[in-house]
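One letter stands for each residue in the lines below.
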Amino acid sequence: GAVVSQHPSWVICKSGTSVKIECRSLDFQATTMFWYRQFPKQSLMLMATSNEGSKATYEQGVEKDKFLINHASLTLSTLTVTSAHPEDSSFYICSAARWNTIYFGEGSWLTVV
Amino acid sequence: RKEVEQDPGPFNVPEGATVAFNCTYSNSASQSFFWYRQDCRKEPKLLMSVYSSGNEDGRFTAQLNRASQYISLLIRDSKLSDSATYLCAVNSNTGNQFYFGTGTSLTVIP
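Line by line, the protein sequences are chains W and A.
The C-terminal position of the first sequence is numbered 113 in the working numbering, with every residue numbered one higher than the one before it.
The C-terminal position of the second sequence is numbered 1110 in the working numbering, with every residue numbered one higher than the one before it.
Hints may contain errors.
Each computed SDA-like pair below joins lysine to any residue, with the alpha-carbon atoms no more than 25 angstroms apart [what the hints assert, rightly or not]:
{"no.": "1", "chain 1": "W", "residue 1": "Lys14", "chain 2": "W", "residue 2": "Lys55"}
{"no.": "2", "chain 1": "W", "residue 1": "Lys64", "chain 2": "W", "residue 2": "His7"}
{"no.": "3", "chain 1": "W", "residue 1": "Lys41", "chain 2": "A", "residue 2": "Glu1015"}
{"no.": "4", "chain 1": "A", "residue 1": "Lys1002", "chain 2": "W", "residue 2": "Lys14"}
{"no.": "5", "chain 1": "W", "residue 1": "Lys41", "chain 2": "A", "residue 2": "Glu1005"}
{"no.": "6", "chain 1": "W", "residue 1": "Lys41", "chain 2": "A", "residue 2": "Arg1041"}
{"no.": "7", "chain 1": "A", "residue 1": "Lys1042", "chain 2": "W", "residue 2": "Ser18"}
{"no.": "8", "chain 1": "W", "residue 1": "Lys41", "chain 2": "A", "residue 2": "Gly1058"}
{"no.": "9", "chain 1": "W", "residue 1": "Lys55", "chain 2": "A", "residue 2": "Ser1092"}
{"no.": "10", "chain 1": "W", "residue 1": "Lys14", "chain 2": "W", "residue 2": "Thr111"}
{"no.": "11", "chain 1": "A", "residue 1": "Lys1042", "chain 2": "W", "residue 2": "Phe91"}
These are calculated hints, taken from the structure and not from any lab test.
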């Protein structure tokens, strides 16, 4: 069964609005979760590392004010894409480590129109 | 230098062929190694872990070469259903950071 769950799977939003994506670890606590973005036919790109109870660590070139990450509990991390634009349309995936192995959420397809 | 380097391919092979992918890593202190499979428009899923002694699961064999700092994945008797992108992953020596290769695209042709 799923180890990491992500919601929603698909979301369409209007340009300028904000979208929140949730990532949950199932049956285990994850002090660290990871957020990725993947454009069609391209590789996974690590956006940020989400740390429970503290600020996220963002990769170079990722705007922290645009991609807000909150990791308020040991089983939930959220990514909010603020003031979304069409170029933010992408596949967003979270992951968490369990027993030294990375497991991915199902991913969220974001389309900004 | 990237933490993990992987040939993006694409690899197009006939059904029944044997195909191998390699992935090199830069940190000699890396502890854990994995292969993931990603189907089109889906999330990556763990295919197998890579142990120092090698790891075999049916038609799939994963190996680690610490001296040369690379891991490999061998697929024997390729099936059409093996068509996917294969990503390697390396866990840092601190255990908190995972690095992924860019993925190798495999298409098995009838």
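Each hint tested on the structure:
1. Lys14(W) with Lys55(W): Distance ~28 angstroms between Lys14(W) and Lys55(W) Cα, so the pair is violated.
2. Lys64(W) with His7(W): 21 angstroms, holds
3. Lys41(W) with Glu1015(A): 23 angstroms, holds
4. Lys1002(A) with Lys14(W): 36 angstroms, violated
5. Lys41(W) with Glu1005(A): Given that 25 angstroms is the threshold and the Cα spacing comes to 17 angstroms, the pair holds.
6. Lys41(W) with Arg1041(A): 9 angstroms, holds
7. Lys1042(A) with Ser18(W): 24 angstroms, holds
8. Lys41(W) with Gly1058(A): 28 angstroms, violated
9. Lys55(W) with Ser1092(A): Roughly 21 angstroms separates the two Cα atoms, so the pair holds.
10. Lys14(W) with Thr111(W): It holds: about 9 angstroms lies between the C-alpha atoms, which stays within 25 angstroms.
11. Lys1042(A) with Phe91(W): 9 angstroms, holds
Consistency with the previously given hints fails for numbers 1, 4, 8, ordered from lowest to highest.
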